[in-house]
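**Student:** Listed here are the chains, written in short residue letters.
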Amino acid sequence: MKYVLKKILSCIITLFIVSLLVFVAFALIPGDPALSRLGTNATEATLAAMRHQMGLDRPLAVRYLSWLADALRGDFGTSYSYSMTVSSMILDKLPITLTLMLFSMILMVVIGVPLGVYASYKEGTVIDRIIQIINQINMAIPPFFSGILITLIFGVTLKMFTPGGFVSINRDPLGFFAYMFFPSLSVALPKCAMILNLLYSSLNGEKKKDYVRTAYSRGNTSNAVFFGHMLKNASIPTVTFLGMALADMIAGSIIVEQVFGIPGLGRILLTSIQNRDYPVVIAIIMLIAMIVIVTNLLVDVLYKVIDPRVGNQ
Amino acid sequence: MAEKLLHVEDLNIEFHDHLTPETVVFDFDLDMEEGEIVGLVGESGSGKSMSALAIAGLLSRHDMKKRGSIVFEGKEILNCPRNELRELQGDEICMVFQEPLTSLDPVKKIGWQVEESLKIHTQLTPEERKARALEALKEVELEDPQRVYDSYPHELSGGMRQRVMIAAAMVGNPKLLIADEPTTALDVTVQSQIVELLKKINREKKTAILFISHDLSLVRQLCQRVLVMKHGYVVEAGSSEQIFNNPKEEYTKKLIAAIPKCKETGDDIEVGEKLVDIKDVCVSFTKRKGRATEKVNVLKHITMHINSQEIVGLVGESGCGKSTLAKSIIGLIKTDQGSIINQESRTQMIFQDPYGSLNPSKTVQFIMEEPLKNLTKMTKEERAALSREMICKVGLSEEYLTRYPSELSGGQRQRVCIAASLMLKPKLIIADEPVSALDVTIQAEVLKLMNELHQELGLSFLFISHDLRVVHQMCDRILVMKNGEIVEEGDREQIYNNPQHEYTKELLKSAGLL
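Protein chains in written order, with this note's numbering: chain X, 283 to 595; chain E, 30 to 543.
In short, the hints are calculated from the structure, not lab data. Bear in mind the structure is a predicted one, so any value in this text is a computation, not a measurement. Heads up, the beta-carbon is just placed ideally off N, CA and C, and yes, glycines get one too. Honestly, I wouldn't trust all of these hints.
Unchecked claim - Below are the DSS-like pairs computed for lysine-lysine, each with C-alpha atoms no more than 30 Å apart in a straight line:
no. : chain 1 : residue 1 : chain 2 : residue 2
1   : E       : Lys454    : E       : Lys391
2   : E       : Lys104    : E       : Lys229
3   : E       : Lys33     : E       : Lys356
4   : E       : Lys324    : E       : Lys356
5   : X       : Lys404    : E       : Lys534
6   : X       : Lys586    : E       : Lys148
7   : E       : Lys159    : E       : Lys235
8   : E       : Lys228    : E       : Lys303
9   : E       : Lys229    : E       : Lys148
10  : E       : Lys356    : X       : Lys289
11  : X       : Lys490    : E       : Lys456
12  : X       : Lys489    : E       : Lys454
13  : E       : Lys159    : X       : Lys514
14  : E       : Lys138    : E       : Lys316
15  : E       : Lys138    : X       : Lys289
16  : X       : Lys491    : E       : Lys148
17  : E       : Lys94     : X       : Lys489
18  : E       : Lys303    : E       : Lys456
19  : E       : Lys422    : X       : Lys404
20  : E       : Lys138    : E       : Lys95
21  : E       : Lys159    : E       : Lys228
22  : E       : Lys534    : E       : Lys303
23  : E       : Lys477    : E       : Lys456
24  : X       : Lys514    : E       : Lys148
25  : X       : Lys491    : E       : Lys204
26  : X       : Lys284    : E       : Lys138
27  : X       : Lys490    : E       : Lys95
28  : E       : Lys148    : X       : Lys404
29  : E       : Lys138    : X       : Lys491
30  : E       : Lys137    : E       : Lys316
31  : E       : Lys422    : E       : Lys409
As the list claims (entries may be wrong) - So, partial list: chain E residues that the calculated Cβ filter (under 7 Å) puts toward chain X:
no. : residue
32  : Leu87
33  : Ser132
34  : Ser180
35  : Tyr181
36  : Ser186
Starting from the given sequences, assemble the full structure and let the hints guide the process.
**Tutor:** Structure, rendered in structure tokens:
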């Protein structure tokens, strides 16, 4: 329990540091929100007035602290480009992106883990080789390209879904989930390849360990040794990987949202960056940071459940 | 005549992973009666573990061929299908391995692992299994069996883990226990406890034990009969008495001669002035335990010195602070208090594991010249000349300079380590368990080399070891350490013939010297 509390505390500190870094970074990169809002024809005087209205003429530290005070109360400000609060903009799109990520995560585990286990179980056979070859190809394909391929094969040729025909969850829940399956698949596929490879090689590594020999010497069947002893040991590095994969998957899903025409967080993030709509950008980045940190926290806790050696010396 | 428990005849084991098959065991014969203890000795690579694994039915790789016959209780078990073999494994034939930490599943509780063979071979209820497991843990003399039952392997000490392995093997009352180097990874006092435990099990349960070891003195303590193996052949077999008192084969004689003996070593050189002078040194580490930090005193008021041209022995069990003391002498560790004066700023160290301490991707020459590059302004030619000189000094030829560590044997690697430590021409070398990882005959050669270097170059050694026989053979003066303190100090004769401290006596007793 103490372990978990300690981890949570360090997560909160990490979030603070992230917010500070993001704030400073956006203060430093070139680009003027007032200019992008008023257009290039604006005069110096109207620009200055707009900057004052937006609070941009205050020193950076003051701006950060007032943002922080608001953010702690759950108020992330108003979008520069749309007259909407940032929170409502994000909350509107969040379920879509979360669904995409959750689906991808599930697909990654459901496809990658059993194949990795199966390939290692059949190590050295033809089946193992075939899985390995397909896996190598799969690993080399980036998510946006697999997205294009999937659109081409399942959408255009097989007509299993209508490319670009996104349906909102409120209108047709079933249609929404059916449509989300394919983009999730294209985010998940390259990660499947990695998890397959990782599990395969750590299982093969476990095979040579002494405790496996001990297990055989007690009269275990090969299956009992494989599933009763090796799998849990081999899953330790895999769990760590899941946490890291998530951060990558967010990046992947932003691009894939473009490929499949999904109005998720990725799309607002891109347009907001173009428009220098900083309140939106910062809030989305903080949200992503939080998702990554919370996932890693869960992974750490899970890690301790699997491996008794972690965290008590 | 009663039926033999185990009858092995003409066992041959071949590897087929290379183009030409390689035979690792030739015509191995062994008979064991019920309740007998047989020792199987030989150096690494002699085929002793292979033979044992074959008997236990654990050699089932596809690239391996086994011929001959292994009959256990009248049933042929060589090359019989795994399903039939499984009936015996963990039930009638059990094994204990060398490295208890890695041989236990790290993510399963001890209780689970001890009960495992009961789960496989019996119909006992969970409660009955637990009762049996606790009893087995108690029988191997573990204090607080319930706590051990609920622990994970990493929470126990090495000796406790090996007891757990034995408990797990004995839980189903097997007829044959195969112990493959069960004491090699353990401290010397723990080693003799484990041997005593095996003796007790044999006495009380009439379990036959096949004891595989390269440590001849342990084999002598435990076994009634001994088989000596070399290069896959059994070169000599007979009763323990016969083998140790009247060995017939040259190889057996060589093995027995290589057991470090307590005898004078050559001429003593006059010792010179103090090279290292340590006064009242304390070292502590802070260990975090939850929120509180705990101060662990590793060295407690150590006062000692090393004279030039002297070999000082430092003995004690692992964790007693030997290596910490060595590190503080060369300045790798900050001390809390006290003074360390080391006249030799180029003090070198030789470590226990010659496999791990050489960078596998560099040639021997590179490894040897590295300290020169860092610390001297010698030219390339001068460095090369010096490495040629030193490699010859340690009894290897110049061709070895271009080789990589993986192309060398364990003894050769330790020679390379010694040669590398000589490159800066230090007056003092700290050798931290330099021969513990080596086979007994190689051990003798490396010790001889170190002695020659001591005589020839007037080197001082701080010789750290847990093996009291080796220390006796090498050292002029001996320090005994326990829990961070030097409990006894004296010259060789004094320590070995008239030990004062209880702990010294205990150490000598477990080495069979008292």
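**Student:** Each hint should be assessed against the structure and marked as holding or not.
**Tutor:** How the hints compare with the structure:
1. Lys454(E) - Lys391(E): Given that 30 Å is the threshold and the Cα spacing comes to 22 Å, the pair holds.
2. Lys104(E) - Lys229(E): Roughly 28 Å separates the two Cα atoms, so the pair holds.
3. Lys33(E) - Lys356(E): Between Lys33(E) and Lys356(E) the Cα gap is close to 55 Å, so the pair fails against 30 Å, i.e. violated.
4. Lys324(E) - Lys356(E): Holds, because 19 Å separates the two Cα atoms, which is no more than 30 Å.
5. Lys404(X) - Lys534(E): Status violated; Cα separation ~56 Å.
6. Lys586(X) - Lys148(E): With a Cα-Cα distance of about 27 Å, the restraint between Lys586(X) and Lys148(E) holds, given a limit of 30 Å.
7. Lys159(E) - Lys235(E): Status holds; Cα separation ~24 Å.
8. Lys228(E) - Lys303(E): 47 Å, violated
9. Lys229(E) - Lys148(E): OK: Lys229(E) and Lys148(E) at ~26 Å, within 30 Å.
10. Lys356(E) - Lys289(X): Judged against 30 Å, a Cα distance of about 35 Å means the pair is violated.
11. Lys490(X) - Lys456(E): Not satisfied, since the Cα-Cα distance of roughly 44 Å exceeds 30 Å.
12. Lys489(X) - Lys454(E): Not OK: Lys489(X) and Lys454(E) at ~46 Å, beyond 30 Å, violated.
13. Lys159(E) - Lys514(X): 23 Å, holds
14. Lys138(E) - Lys316(E): Status holds; Cα separation ~25 Å.
15. Lys138(E) - Lys289(X): 25 Å, holds
16. Lys491(X) - Lys148(E): Holds: Lys491(X) and Lys148(E) sit about 22 Å apart, inside 30 Å.
17. Lys94(E) - Lys489(X): Status holds; Cα separation ~20 Å.
18. Lys303(E) - Lys456(E): 12 Å, holds
19. Lys422(E) - Lys404(X): 52 Å, violated
20. Lys138(E) - Lys95(E): Violated, because 36 Å separates the two Cα atoms, which is more than 30 Å.
21. Lys159(E) - Lys228(E): 25 Å, holds
22. Lys534(E) - Lys303(E): 29 Å, holds
23. Lys477(E) - Lys456(E): Judged against 30 Å, a Cα distance of about 18 Å means the pair holds.
24. Lys514(X) - Lys148(E): This hinted pair holds, its Cα atoms lying about 19 Å apart.
25. Lys491(X) - Lys204(E): 26 Å, holds
26. Lys284(X) - Lys138(E): Roughly 22 Å between the alpha carbons, so the hint for Lys284(X) and Lys138(E) holds.
27. Lys490(X) - Lys95(E): Since the Cα atoms of Lys490(X) and Lys95(E) sit roughly 21 Å apart, the hinted pair holds (cutoff 30 Å).
28. Lys148(E) - Lys404(X): 27 Å, holds
29. Lys138(E) - Lys491(X): 18 Å, holds
30. Lys137(E) - Lys316(E): 26 Å, holds
31. Lys422(E) - Lys409(E): At roughly 20 Å apart (the allowed maximum being 30 Å), Lys409(E) and Lys422(E) satisfy the hint.
32. Leu87: 6 Å, holds
33. Ser132: 4 Å, holds
34. Ser180: 9 Å, violated
35. Tyr181: With Cβ-Cβ at 4 Å, under 7 Å, it holds.
36. Ser186: 15 Å, violated
The earlier numbered hints that this structure contradicts are 3, 5, 8, 10, 11, 12, 19, 20, 34, 36.
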